[in-house]
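**Student:** One-letter residues, chain by chain:
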Amino acid sequence: MSQRQVLQVFEQYQKARTQFVQMVAELATRPQNIETLQNAGVMSLLRPLLLDVVPTIQQTAALALGRLANYNGDLAEAVVKGDILPQLVYSLAEQNRFYKKAAAFVLRAVGKHSPQLAQAIVDCGALDTLVICLEDFDPGVKEAAAWALGYIARHNAELSQAVVDAGAVPLLVLCIQEPEIALKRIAASALSDISKHSPELAQTVVDVGAIAHLAQMILNPDSKLKRQVLSALSQIAKHSVDLAEMVVEAEIFPVVLTCLKDKDDYVKKNASTLIREIAKHTPELSQLIVNTGGVAAVTDCIGSCKGNIRLPGIMMLGYVAAHSENLAMAVIVSKAVPQLSVCLSEEPEDHIKAAAAWALGQIGRHTPEHARAVAVTNTLPVLLSLYMSTESSEDLQTKSKKAIKSILQKCTYLPALEPFLYDAPPNILKHVVGQFSKVLPYDSKARRLFVTSGGLKKVQEIKAGPGSLLQEYINSINSCYPEEIVRYYSPGYSDALLQRVDSYQPLAN
Amino acid sequence: MATLARLQARSTFLVHQYYFRNSAVDVFRKKEYDAAVKIQSWFRGCQIRAYLRYLHRVATVIQKCWRGYLGRQHYQLIVKLEFCTMKMNLYNAMAVRIQKRWRGYRIRKYCFNYFYLKEYLKAVSETNDAIREALEEFAEMKEREEKKADLEREEKKRDYQARKMHYLLSTKQIPGIYNSPFRKDPDPWELRLQKAKPLISQRPKVKQKRDVNISNQLACTSARSLPQSEILPPIDRKQCQGPFRDITEVLEQRYKPLEPTLWMAEPINELKMAREELRKQEWMRNINDNMFLPFSSYHKNKKYIPLMHSSSKYGPNSYGSQHFRDENPKKWICDKDFQTVLPSFDLFSKYGKLYSKAGQII
Numbered sequence: 000m001s002q003r004q005v006l007q008v009f010e011q012y013q014k015a016r017t018q019f020v021q022m023v024a025e026l027a028t029r030p031q032n033i034e035t036l037q038n039a040g041v042m043s044l045l046r047p048l049l050l051d052v053v054p055t056i057q058q059t060a061a062l063a064l065g066r067l068a069n070y071n072g073d074l075a076e077a078v079v080k081g082d083i084l085p086q087l088v089y090s091l092a093e094q095n096r097f098y099k100k101a102a103a104f105v106l107r108a109v110g111k112h113s114p115q116l117a118q119a120i121v122d123c124g125a126l127d128t129l130v131i132c133l134e135d136f137d138p139g140v141k142e143a144a145a146w147a148l149g150y151i152a153r154h155n156a157e158l159s160q161a162v163v164d165a166g167a168v169p170l171l172v173l174c175i176q177e178p179e180i181a182l183k184r185i186a187a188s189a190l191s192d193i194s195k196h197s198p199e200l201a202q203t204v205v206d207v208g209a210i211a212h213l214a215q216m217i218l219n220p221d222s223k224l225k226r227q228v229l230s231a232l233s234q235i236a237k238h239s240v241d242l243a244e245m246v247v248e249a250e251i252f253p254v255v256l257t258c259l260k261d262k263d264d265y266v267k268k269n270a271s272t273l274i275r276e277i278a279k280h281t282p283e284l285s286q287l288i289v290n291t292g293g294v295a296a297v298t299d300c301i302g303s304c305k306g307n308i309r310l311p312g313i314m315m316l317g318y319v320a321a322h323s324e325n326l327a328m329a330v331i332v333s334k335a336v337p338q339l340s341v342c343l344s345e346e347p348e349d350h351i352k353a354a355a356a357w358a359l360g361q362i363g364r365h366t367p368e369h370a371r372a373v374a375v376t377n378t379l380p381v382l383l384s385l386y387m388s389t390e391s392s393e394d395l396q397t398k399s400k401k402a403i404k405s406i407l408q409k410c411t412y413l414p415a416l417e418p419f420l421y422d423a424p425p426n427i428l429k430h431v432v433g434q435f436s437k438v439l440p441y442d443s444k445a446r447r448l449f450v451t452s453g454g455l456k457k458v459q460e461i462k463a464g465p466g467s468l469l470q471e472y473i474n475s476i477n478s479c480y481p482e483e484i485v486r487y488y489s490p491g492y493s494d495a496l497l498q499r500v501d502s503y504q505p506l507a508n
Numbered sequence: 000m001a002t003l004a005r006l007q008a009r010s011t012f013l014v015h016q017y018y019f020r021n022s023a024v025d026v027f028r029k030k031e032y033d034a035a036v037k038i039q040s041w042f043r044g045c046q047i048r049a050y051l052r053y054l055h056r057v058a059t060v061i062q063k064c065w066r067g068y069l070g071r072q073h074y075q076l077i078v079k080l081e082f083c084t085m086k087m088n089l090y091n092a093m094a095v096r097i098q099k100r101w102r103g104y105r106i107r108k109y110c111f112n113y114f115y116l117k118e119y120l121k122a123v124s125e126t127n128d129a130i131r132e133a134l135e136e137f138a139e140m141k142e143r144e145e146k147k148a149d150l151e152r153e154e155k156k157r158d159y160q161a162r163k164m165h166y167l168l169s170t171k172q173i174p175g176i177y178n179s180p181f182r183k184d185p186d187p188w189e190l191r192l193q194k195a196k197p198l199i200s201q202r203p204k205v206k207q208k209r210d211v212n213i214s215n216q217l218a219c220t221s222a223r224s225l226p227q228s229e230i231l232p233p234i235d236r237k238q239c240q241g242p243f244r245d246i247t248e249v250l251e252q253r254y255k256p257l258e259p260t261l262w263m264a265e266p267i268n269e270l271k272m273a274r275e276e277l278r279k280q281e282w283m284r285n286i287n288d289n290m291f292l293p294f295s296s297y298h299k300n301k302k303y304i305p306l307m308h309s310s311s312k313y314g315p316n317s318y319g320s321q322h323f324r325d326e327n328p329k330k331w332i333c334d335k336d337f338q339t340v341l342p343s344f345d346l347f348s349k350y351g352k353l354y355s356k357a358g359q360i361i
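Residue numbers (numbering that gives the first Met the number 0), protein chains in the order written: chain A, 0 to 508; chain B, 0 to 361.
Be aware that one or more of the hints could be misleading.
[As the list claims (entries may be wrong)] With a straight-line cut-off of 25 angstroms between C-alpha atoms, the simulated DSS-like cross-links for lysine-lysine are:
id: 1; chain 1: B; residue 1: K196; chain 2: B; residue 2: K163
id: 2; chain 1: B; residue 1: K146; chain 2: A; residue 2: K262
id: 3; chain 1: A; residue 1: K262; chain 2: B; residue 2: K147
Treat the hints as calculated values from the structure; they're not laboratory data.
Build out the structure end to end from the sequences listed, making use of the hints.
**Tutor:** Laid out in structure tokens, this is it:
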């Protein structure tokens with residue numbers, strides 16, 4: 000046999016391997032093939048190819064493995080069980096950038112499914128090598144490594160702590176400053192995933208000076224980047240007052256308000272989430288937001304989108320109004336109440352309605368002025384119908400009940416209270432009648448209106464136990480009117496009159 | 000002797016006459032005696048009555064004087080009381096006036112300034128309008144930029160196509176497709192083809208990353224362009240001549256914040272109001288308004304055996320723990336019960352806070 004023939008055998012074998020691995024990688028992009036591949040035992044075949052001599056085969060095999068593991072958790076577990084990870088980690092430290100990218104992709108694909116798999120990745124020492132990859136020159140490698148770290152840190156606080164302990168955070172902040180947009184996005188998303196679990200982790204991220212860089216990137220026109228940056232800032236700000244104050248000190252207001260006008264819905268959602276996380280801590284922060292015109296911007300944002308995108312904005316209005324009555328008055332002045340009542344009536348989902356009901360309750364509970372501002376927009380009947388309907392969820396019923404109760408305690412705007420006389424349940428009816436009995440003795444126009452609109456008639460028809468609070472209120476209402484009118488409207492008066500006609504003997508002439 | 004005989008003959012007659020005269024007198028004697036008695040009694044009665052009348056008159060005079068004296072004393076007392084009441088009412092009315100003014104001043108200056116609130120709300124709504132306008136402008140500008148970018152992209156695409164199709168240009172001999180002789184004007188593509196440079200096939204260029212110029216778009220929304228409040232620089236003032244007090248001391252004294260005593264700072268029924276507030280909040284938060292019922296009254300049929308200590312009559316005395324007034328109502332000074340809430344006195348609230356150095360150790 001000549002040397003060439005021997006070499007030809009090897010060449011054929013190499014070509015066959017290359018072709019196999021490339022076909023598998025291509026097939027793995029389509030989900031319907033993956034089951035077949037798995038049943039054909041592709042894992043065990045790909046594993047030795049990772050150790051192949053030819054670098055291209057190694058890279059393509061890694062890519063194929065990554066795509067397979069990306070598909071679902073069982074395959075990822077198979078990757079872990081097949082002891083492939085240590086090999087990957089070892090070669091990650093040494094090989095060229097294509098291999099590093101592919102290996103980081105595999106780690107990401109495995110780590111994203113569950114905390115146990117991510118823990119397995121941490122246990123085989125992948126974090127240190129990934130952090131070394133973050134220092135690489137090639138932005139693609141950095142991106143893949145940052146992505147993998149982000150997915151690992153996403154699951155729980157211990158994994159995030161492990162990622163931080165490996166020293167990833169300063170490098171991620173350096174990655175954010177790189178010019179490539181994709182790298183910035185991934186690094187921002189990784190920082191967001193790290194800081195969302197606990198205040199200490201958020202503090203670690205802040206200590207490296209991430210806030211300033213993130214705040215600068217709010218001005219970037221790329222919407223996906225803005226999403227991640229706003230999400231990172233809101234995860235930092237949500238933990239404590241100090242962190243929120245640090246985020247505010249980076250001068251994000253009023254620039255953040257421009258993000259509320261962005262075309263991308265998720266940018267709007269994340270921006271309103273950020274504002275909500277800042278507003279909920281203290282009245283001073285809410286005051287700051289109100290002073291920069293944030294409430295108006297959020298109200299407009301709520302008006303321009305639908306569904307879950309609105310939810311953080313609605314909650315932000317509720318949090319601002321909850322702090323003090325001056326802030327609630329500022330919310331009312333920014334024309335938020337009509338917007339909230341529109342949300343309450345037109346949203347189909349119960350949790351958004353519950354949030355709107357809660358926000359309205361927080362606005363209206365402070366003083367009669369506030370309650371009047373809420374009652375004027377005719378939201379009280381809507382809240383009552385939500386409370387009484389059997390289709391509403393528990394949470395919605397509880398929240399609308401609380402909102403009705405808190406607004407009713409202060410409401411002196413009688414035209415809004417009148418519908419309650421007709422369809423309210425007894426425990427709420429008592430307080431409605433109580434409010435009437437407080438207002439009617441002092442206002443003659445209201446008394447007249449009460450009679451002409453049929454309220455007095457309805458009050459007479461209410462049955463109350465003698466000596467109960469309800470009876471006292473009814474008595475005090477009756478004492479505002481002359482006796483004939485009260486008798487005229489009492490039930491059964493027409494029958495009593497007819498009886499008198501029957502029993503009347505005309506004078507015989 | 001004859002007279003004697005005569006006398007003796009008349010003696011019986013005399014005896015009888017004597018007897019009749021005496022008895023006749025007797026008849027009258029009783030009458031006259033009764034009459035005399037009557038007259039005397041009547042006269043004595045008149046005398047006594049006159050005396051009694053006199054006595055009555057005298058007694059009346061004495062009583063009149065005495066009652067007048069007592070009444071004047073009583074009147075003095077009443078006048079004194081009335082005068083005291085009138086004075087106290089006047090003082091109360093004046094105190095109410097002072098308190099009215101002071102309370103209004105205190106609330107307006109230190110607690111809640113209504114006009115400031117109104118100004119603030121107006122400022123907030125103005126800021127809101129400004130922000131809304133700015134955001135509208137920003138959105139419009141972004142749309143315009145996008146449209147412009149789209150148009151430019153279209154233009155470049157057409158340009159590129161024209162360069163590729165350069166060979167379709169019409170020559171002097173042969174009119175091109177876009178320059179049909181039956182048309183009045185050449186097709187716009189013809190003009191484009193005329194302007195385009197022919198495309199030479201080159202090495203595939205690396206596609207340039209689209210570098211959007213962000214600096215001019217966002218000029219109006221940078222953090223520095225919207226108005227921010229700055230602290231004004233301090234005014235340089237010449238030192239006043241003369242041995243004046245240090246300005247910081249003076250300002251400290253002049254703008255000393257209000258330090259109300261505890262008695263002032265919280266209203267006397269604050270506890271009651273706080274209880275009401277708590278009750279209202281709890282009613283608001285309660286999911287279920289009915290009170291919780293006690294568990295089953297299973298053991299209610301057992302007879303209750305009270306403590307010996309509480310059931311015997313030698314138990315603890317309630318005086319000193321439940322009531323503090325004397326058990327004998329006759330010893331009570333007034334009808335109403337004593338107040339359980341007393342106004343506090345602030346003996347030490349101003350300690351160390353007045354300007355004077357009285358009582359301080361130097």
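**Student:** Given the hint that K146/B pairs with K262/A, test it: the Cα-Cα distance must not exceed 25 angstroms.
**Tutor:** Judged against 25 angstroms, a Cα distance of about 14 angstroms means the pair holds.
**Student:** Against the 25 angstroms threshold, does the CA-CA distance of K262/A and K147/B hold or violate the hint?
**Tutor:** Holds. K262/A to K147/B sits at ~17 angstroms (cutoff 25 angstroms).
**Student:** Holds or violated: K196/B with K163/B, Cα cutoff 25 angstroms?
**Tutor:** holds, 9 angstroms
When the structure is compared with the earlier hints, no violation turns up for any of them.
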